[in-house]
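J.: Sequence:
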Amino acid sequence: MLSMIKNFLSDERGQASTEYGVIIGVIAVGIIAAAIIFRDKIINVFTNAGNELDGI
Numbered sequence: 001m002l003s004m005i006k007n008f009l010s011d012e013r014g015q016a017s018t019e020y021g022v023i024i025g026v027i028a029v030g031i032i033a034a035a036i037i038f039r040d041k042i043i044n045v046f047t048n049a050g051n052e053l054d055g056i
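When we follow the numbering used here, the leftmost residue of the sequence shown carries the number 1, and every step to the right adds one.
Just so you know, the hints here were simulated from the structure itself, not pulled from any lab data. Source: prediction; values computed, not measured. It is possible that some hints are incorrect.
Said to hold, decoys possible - Derived SDA-like pairs: lysine to any residue, alpha-carbon spacing no greater than 25 angstroms straight-line:
(1) 41 <-> 55
(2) 41 <-> 53
(3) 41 <-> 54
(4) 41 <-> 52
(5) 41 <-> 27
(6) 41 <-> 28
(7) 6 <-> 17
(8) 6 <-> 25
(9) 41 <-> 22
(10) 41 <-> 30
(11) 6 <-> 16
Claimed, not checked - Using C-beta positions, here's what the derived DEER-type ranges look like:
(12) 11 <-> 46: 48 to 56 angstroms
(13) 43 <-> 21: 26 to 34 angstroms
(14) 47 <-> 12: 48 to 56 angstroms
(15) 40 <-> 16: 36 to 44 angstroms
(16) 6 <-> 41: 53 to 61 angstroms
(17) 47 <-> 11: 48 to 56 angstroms
(18) 56 <-> 35: 22 to 30 angstroms
(19) 5 <-> 46: 52 to 60 angstroms
(20) 45 <-> 10: 45 to 53 angstroms
(21) 41 <-> 4: 51 to 59 angstroms
(22) 7 <-> 44: 53 to 61 angstroms
(23) 4 <-> 46: 26 to 34 angstroms
(24) 34 <-> 1: 45 to 53 angstroms
(25) 50 <-> 15: 45 to 53 angstroms
By construction, the Cβ of each residue, glycine as well, lies at the ideal position given by its N, Cα and C atoms.
Hey, can you work out the whole structure from these sequences and the hints?
T.: See the structure below:
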């Protein structure tokens, strides 16, 4: 029984996948936060670009 617990605690399979998942999650939260913070500026950029294209 003790050897099964030691094997379970020392098993690192799947650790890299979990770490990549956490990193991707943090990046996604950062992108969403930036989009929320800069929402008005992003809208203005695309609105101005659309207006410039309408003038062509």
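J.: For every hint, state whether the structure bears it out.
T.: Outcome of the hint check:
1. Using a Cα cut-off of 25 angstroms, the hinted pair residue 41 and residue 55 holds, with the two alpha carbons roughly 21 angstroms apart.
2. Note on residue 41 and residue 53: the hinted pairing holds, with a Cα-Cα distance of about 18 angstroms set against a maximum of 25 angstroms.
3. Restraint check for residue 41 and residue 54: the C-alpha separation of about 20 angstroms stays at or below 25 angstroms, so the hint holds.
4. Restraint check for residue 41 and residue 52: the C-alpha separation of about 16 angstroms stays at or below 25 angstroms, so the hint holds.
5. Pair hint residue 41 plus residue 27 holds up; C-alpha atoms about 21 angstroms apart against a cutoff of 25 angstroms.
6. For the suggested pair residue 41 and residue 28, the alpha carbons sit about 20 angstroms apart, so the restraint of at most 25 angstroms is met.
7. Under the criterion of a C-alpha separation no larger than 25 angstroms, the hint pairing residue 6 with residue 17 is consistent with the structure, at around 22 angstroms.
8. A threshold of 25 angstroms between alpha carbons decides the hint, and for residue 6 with residue 25 the separation of about 30 angstroms lies outside it, so the pair is violated.
9. Annotation: proposed proximity of residue 41 to residue 22 is violated, straight-line Cα distance about 29 angstroms (limit 25 angstroms).
10. Taken as a hint, the residue 41 and residue 30 pair is honoured in the structure, with Cα atoms around 17 angstroms apart against an allowance of 25 angstroms.
11. For a cut-off of 25 angstroms, the pair hint linking residue 6 to residue 16 stands: about 20 angstroms separates their Cα positions.
12. For residue 11 and residue 46, the Cβ-Cβ distance of about 49 angstroms falls inside the hinted range of 48 to 56 angstroms, so the restraint holds.
13. Remark: the range hint 26 to 34 angstroms for residue 43 to residue 21 is upheld by a beta-carbon distance near 32 angstroms.
14. One distance hint, 48 to 56 angstroms for the beta-carbon pair residue 47 and residue 12, holds here, with the actual separation near 50 angstroms.
15. At roughly 39 angstroms, the beta carbons of residue 40 and residue 16 sit within the given window of 36 to 44 angstroms.
16. Taking the beta carbon of each, residue 6 and residue 41 are about 55 angstroms apart, inside 53 to 61 angstroms as hinted.
17. Under the hint 48 to 56 angstroms, the C-beta atoms of residue 47 and residue 11, about 54 angstroms apart, fit the expected range.
18. Range check, residue 56 to residue 35: Cβ separation about 28 angstroms, and the 22 to 30 angstroms hint holds.
19. Between residue 5 and residue 46 the beta carbons are some 57 angstroms apart, a value that agrees with the proposed interval 52 to 60 angstroms.
20. Between residue 45 and residue 10 the CB atoms are about 52 angstroms apart, so this pair conforms to the stated range of 45 to 53 angstroms.
21. In this structure the supplied range 51 to 59 angstroms holds for residue 41 paired with residue 4, their Cβ-Cβ distance being about 56 angstroms.
22. The hinted range of 53 to 61 angstroms is satisfied by residue 7 and residue 44, whose Cβ atoms lie roughly 58 angstroms apart.
23. For residue 4 and residue 46, the Cβ-Cβ distance of about 58 angstroms falls outside the hinted range of 26 to 34 angstroms, so the restraint is violated.
24. The supplied range of 45 to 53 angstroms is met by residue 34 and residue 1, whose beta-carbon atoms lie about 50 angstroms from each other.
25. Evaluation of the 45 to 53 angstroms hint for residue 50 and residue 15 yields a pass: the beta carbon distance comes to about 47 angstroms.
Hints 8, 9 and 23, counting from the list given before, are not met by this structure.
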